[in-house]
Amino acid sequence: MATDERRSAEGKEPFVRFDRVQKSYDGETLVVKDLNLDISKGEFLTMLGPSGSGKTTCLMMLAGFETATHGDILLDGISINHIPPHRRGIGMVFQNYALFPHMTVAENLSFPLEVRKIAKSERESKVKKALDMVEMGDFGGRRPAQLSGGQQQRIALARALVFEPQLVLMDEPLGALDKQLREKMQFEITDLTHRLGITVVYVTHDQTEALTMSDRVAVFDDGRIQQVAKPDTLYEEPDNSFVAQFIGENNTLDGVVHSIGDGYALVKLENGEMIDCKPINVSRPGERTRVSIRPERVEFNKDRLHPDAHTLEAEVLEFIYMGDIFRTRVRVAGNESFIIKTRNAPDQARLEPGRIIEIGWLPDDCRALDTGT
Amino acid sequence: MRTPVFFDDRYPMIATAKHNGILAADGTPLKRSLARALRREKLRALILVMPLLIFVLLTFITPIANMLLRSIDNTIVGDTILYTVSDLNDWNGSDPPLPPENVFRSLYFDLFIAVETKRHTRLGSRLNYEQTGISSLFRRSGRKLDDIGKEIEKTLIASDARWTDGQTWFDLFAARNEGDADPELFDRQFLRIQRLQGELGNIDIDFMPSKSIAKALPLATREYTAWAIHTASIEGEDIAQTRPWESIPVALIYDMQQPDFAIEIKNWLSQSSPHPIEKLSTESIDYPLDFTDILRKIHKDWGDIEVWQTIKVHSNDYTSGYFLNAVDMRKSLDGPTIQPENKRILITLFIRTVQMSLIITLACILLGYPVAWLMANLPMRTANLLIILVLLPFWTSLLVRTSAWKVMLQQQGVINETLVWLGVVATDNRLEIINNQIGTIVAMTHILLPFMILPMYSVMQTISPSYVRAAKSLGANDWTAFLRVYFPQSIPGIGAGSILVFILSIGYYITPEIVGGTDGVFISNRIAYHISRSLNWGLAAALGTILLMVVLVLYWTYDRIVGIDNVKLG
Ligand SMILES: Nc1ncnc2c1ncn2[C@@H]1O[C@H](COP(=O)(O)OP(=O)(O)OP(=O)(O)O)[C@@H](O)[C@H]1O
Ligand SMILES: [Mg+2]
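Listed in order, the protein sequences are those of chains A and B.
Just so you know, we're using the numbering used here here: the first sequence kicks off at 1251 and counts up by one.
Just so you know, we're using the numbering used here here: the second sequence kicks off at 251 and counts up by one.
What the hints contain is simulated information worked out from the structure, not anything from laboratory work.
Treat the hints with caution; some may be incorrect.
[Said to hold, decoys possible] Straight-line C-alpha distance at most 20 Å; calculated SDA-like pairs for lysine to any residue: (1) LYS368/B / ARG445/B; (2) LYS1367/A / ASP728/B; (3) LYS1480/A / GLN1457/A; (4) LYS1370/A / ARG734/B; (5) LYS1367/A / ARG445/B.
[Claimed, not checked] Residues of chain B clear of chain A, computed beta-carbon distances all greater than 10 Å: (6) ALA275; (7) LYS292; (8) LEU303; (9) ARG390; (10) ILE484; (11) GLN508; (12) GLU528; (13) SER531; (14) GLU556; (15) PRO620; (16) LYS656; (17) TRP671; (18) THR677; (19) SER723; (20) ARG734.
Virtual Cβ for every residue (Gly too), placed ideally from N, Cα, C.
Isolated chain A, as found in the complex (with noise of 0.2 Å):
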């Protein structure tokens, strides 16, 4: 039920907008600029981008810990720009978990049913219920010291849900974990808050995080949203170049529209070729572009390679064996770093170094993007 209320969110009145937000901390920059983002109830949405690009901020903003210089943020359509935070009723869990060193575990989760004054029976079943609900019904007595990160962070996850909230923030909360403990967690997580159809705002840096849990990203960039779509459209079309080198690995390369029609647009690269590529945001020749080819749609082998597909000739500098897949780096156009994925099958060819090769790709696959600058 809630992953389809979430697919069909557009159109209904959403849960959490922010409307023309802006903040600076100093009256000097602005460190989120103009904010427009809409999200739906029951929505997992994650922000991402680089560091200090404002994600925090805009979660402070919401919790209700910084105040917004400019815009309007509601809440179920009300404004809660002067809402303390502690009557938001926004769960949220810190990237260091931020549980209260000299309480036991319980009485961390009691806390926020105490503050509301819920009878104590009613707090104890819940408190119980909660910790069930993470699999650490047995560690109530403990302190937070005394627990591993892993089960630090499911108490803290359990004490932002222990309230029952609409809305849950979660400022980077796996940064402190081992990789394999990460995935875990982040399938937990998304199953837990999916099953309970609660709205989650979730912050990070770790893109691969972002694609599998999330309903969708925005991407985050010197204060503005670059983009924000589903995983796979994020991925696939990336509106910018900020966003096609942010989300996993792109080769560009640089050069100059020759002429737009038919959909698609004629780069001429640095060194002389022409290629077909489609136009995202390019409108006119003459202007300068980047171009960019995922390193999977790039085929060097003439059996598989598309009747369509443009050709170039490159110099193998480099092969770098990963297991599952192949690295191949080449020298094309003038770009020494451009890459070449391929899947470790039996037929796959190794390619030495040295080796000149003909790579192409189709039209479809290389996305005529601004410069980046």
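Please build the complex by placing chain B with the ligands on the supplied structure of chain A, with the hints as guidance.
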């Protein structure tokens, strides 16, 4: 629930293995090899800290231990009037109303040596702590003690002029040969002089008392030996060429009046060359020697039973007297008794010291907490400025700061003038806020405040702001978030600050001395008084020891209630 496997009887092997413990790779029990490894590490650490340890031990612990020892040390009485003290043991302190004659006799000779070695005034001052007037009794007696001896000397010289000669005396008392020597007597007297004078060292003394003359003249031989040791070791003179103290003729006459004298002196004379003592023993010297009478004539107070009781009560080498004095009690013949009302001040002073220290600590907490909080939560630059302001007092001398409070608080001071000017108080009704407890509390709170703020600050600094944020996001308002989340985490800082301030304050001296007047002074001011003014170091040491105990007990209580591991200095 299922029983865990290793407690199951069906698996005896596992159970035994568990009992024997785990073995290390070389087969020794793991516990033992771990202990060995740890011991080696501990030893290495110990060697590393050894220089500091020795330094602290020598320069800190030893003087303190020595000081504390003084609080029970009473050897001065036994050292100075050795024989009197031992004779007094046979007197029960009330019946007869004066000690028997032998006590007076011992005192005469003990005192004589004490006077010659100038130790009697010290003993007088010591006993004066217990009973006023004893000091002057000893001093005055010292001046008149040799009168009787001078008279007796004259009688001796009238009998034979050779009595003026040191050699005569030496021939009388010195052992004739090895078999006649009395090394035991010599050793006892050597120890006596040593107790009086301190370590004598390894000095050659050309004298050994004679066993046979000691039979005829026991007292005189004893005193002559003591004199000889003193003269040879301290004065460094030739015994045989020096005339002994006037007390020796007195002892001689006393001995001659004893019943055994006639026979014993004949024995002695039969074996020695002619000596003036022969003529003297035939003359009947009917000199009345009643030492009770002699001493009472020297000073009437020797007939006062209280003086004797005081000496008897305080004659042991170790005494609880100073401690009893420190808690307004007194050692008496009937055990510890309460001091007379006008002398009961110390308990009050102790209670006041603790009370005022608590008030000061509390005031420091109340004033310091907000400052520490601000320092921990303001932006770096402002916080640094605050820290400098907090530390500023440390850059000014303690005396200057305290005197500044005098300027502020006195009757014509800044505060009073301002209040008068504002019309809040009348000119003839100015506030008394100095030279009393208020003055001490105000000035000391100000002076000790940094010691509260700094530990609080360093603890608060470690409390991440995300805790309060978390509390708020969980629905707590500002006050609840502070009370339930921030405050409990800052308690270790309060604890550390409180211990620091309380312990500093309980032993504080300068500030109460300057601004405390009479009722705002602390126990340490009393200690200082006894150390530098009344010179009653024993009492000062006892007070200091009690103060130390109070602090330790409070520390222990604190540990039980709050837990010392809850104290953090940062
Ligand atoms: N309290 C503050 N006062 C002044 N500037 C701040 C404050 N908090 C953040 N900033 C600035 O705002 C910008 C955005 O910070 P923010 O914490 O939102 O980044 P972020 O995207 O969460 O980065 P990260 O991934 O490293 O957590 C940064 O340039 C930071 O220096
Ligand atoms: Mg952040």
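Can we confirm that no CB of chain A comes within 10 Å of the CB of SER723/B?
The claim is violated: SER723/B sits with its nearest Cβ about 4 Å from chain A, within 10 Å.
ARG390/B clear of chain A by more than 10 Å, beta carbon to beta carbon?
At roughly 71 Å from the nearest Cβ of chain A, ARG390/B sits farther out than 10 Å, so the non-interface label holds.
Can we confirm that no CB of chain A comes within 10 Å of the CB of PRO620/B?
Per Cβ check, PRO620/B is outside 10 Å of chain A; nearest 21 Å; holds.
Check the non-interface label on ILE484/B: least C-beta distance to chain A beyond 10 Å or not.
70 Å, holds
Hey, LYS368/B versus ARG445/B, does the alpha-carbon distance stay inside 20 Å?
13 Å, holds
Compare the distance between the alpha carbons of LYS1367/A and ASP728/B with 20 Å, and conclude whether the hinted pair is satisfied.
Distance ~16 Å between LYS1367/A and ASP728/B Cα, so the pair holds.
Just want to verify: TRP671/B was marked as not at the interface with chain A; is every Cβ pair farther apart than 10 Å?
Fine: 44 Å to the nearest Cβ keeps TRP671/B off the interface.
Should the label of LYS292/B as a non-interface residue stand, given a Cβ cut-off of 10 Å to chain A?
27 Å, holds
Non-interface claim for LYS656/B: all C-beta distances to chain A beyond 10 Å?
44 Å, holds
Is the Cβ of GLU556/B farther than 10 Å from every Cβ of chain A?
At roughly 64 Å from the nearest Cβ of chain A, GLU556/B sits farther out than 10 Å, so the non-interface label holds.
Minimum Cβ distance from THR677/B to chain A greater than 10 Å, as the annotation requires:
Fine: 52 Å to the nearest Cβ keeps THR677/B off the interface.
Quickly compare the C-alpha distance for LYS1480/A and GLN1457/A to 20 Å and report which way the hint goes.
13 Å, holds
In this structure, the earlier hints numbered 5, 19, 20 are contradicted, and the remaining ones agree with it.
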